[in-house]
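The opening residue of the sequence shown carries number 12 in the numbering used here; numbering runs sequentially from there.
Just so you know, the hints here were simulated from the structure itself, not pulled from any lab data.
Misleading hints may appear alongside valid ones.
Straight-line Cα separation of at most 30 Å, DSS-like style, residue types lysine-lysine; simulated pairs [claimed, not checked]:
{"no.": "1", "residue 1": "Lys33", "residue 2": "Lys16"}
{"no.": "2", "residue 1": "Lys39", "residue 2": "Lys21"}
{"no.": "3", "residue 1": "Lys200", "residue 2": "Lys142"}
{"no.": "4", "residue 1": "Lys130", "residue 2": "Lys200"}
{"no.": "5", "residue 1": "Lys16", "residue 2": "Lys128"}
Remember, it's a predicted structure, so these values are computed and weren't measured experimentally.
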Amino acid sequence: MTTTKINLEKKTIENADAVSSKILSASKDKLGFVPNMYSGMANNAALLDGYTYAYNSFRANSGFSPQEQEVVFLSIAYENNCNYCMAAHSFVGDNMTQVPTEVTDAIRNNSDIPDEKLKALSLFAKSVTLKRGKPSEEDIDNFMAAGYSEEHILGVIAGVGVKTMSNYFNHVYDTPVDEIFESRIWERK
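All chains, please: the whole structure from these sequences, using the hints.
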């Protein structure tokens with residue numbers, strides 16, 4: 012099955028609508044650049060605004076540490092086969108949230124994660140993604156046995172919502188990986 016890509020204009024702070032321009036400007040102030048994904052999403056203010064709001068809320072309110080958040084995002088992006096998000100979140104994990112490289116590499120390679128708690132988190136995030144929000148009782152029991160709570164189950168659901176927006180956008184738009192993330196370019200083997 013071939014996916015049809017769309018050819019969107021790469022929006023900038025100067026040519027985006029008012030809502031998107033404000034988000035792109037804030038992104039540039041925070042990161043020092045505007046990610047390609049944001050420039051593409053800016054073609055629809057509802058998508059960019061909804062994504063960035065949900066992303067920021069997940070970062071602030073999910074109940075997960077920054078390292079756990081990257082494990083959630085990487086695991087979902089892996090299952091959704093999102094090359095852009097795998098590169099971006101591998102870079103963020105390695106350089107900004109101090110996820111051990113052996114953990115990010117294990118998720119990228121679909122191999123055994125050396126940390127048991129992070130392994131349980133990754134497996135649960137993958138399960139929720141693959142089973143479209145219908146994890147089995149065994150999935151939930153294994154997740155909870157690793158030290159997570161019902162609040163964390165909801166946090167994973169929030170993460171799936173955030174990454175579904177970005178992963179699906181990146182599939183349709185075929186978002187080019189930003190230069191800063193190129194050291195972590197990924198393709199499923």
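Each hint tested on the structure:
Our distance criterion of 30 Å between C-alpha atoms is met by Lys33 and Lys16, whose separation comes to about 27 Å. Taking the CA atoms of Lys39 and Lys21, the gap is about 15 Å. The hint holds against a cut of 30 Å. About 22 Å separates the Cα atoms of Lys200 and Lys142, which keeps this hinted pair within 30 Å; it holds. The straight-line distance between the Cα atoms of Lys130 and Lys200 is roughly 20 Å, inside the 30 Å bound, and the hint therefore holds.
Annotation: proposed proximity of Lys16 to Lys128 is violated, straight-line Cα distance about 38 Å (limit 30 Å).
The earlier numbered hint that this structure contradicts is number 5, and it is the only one.
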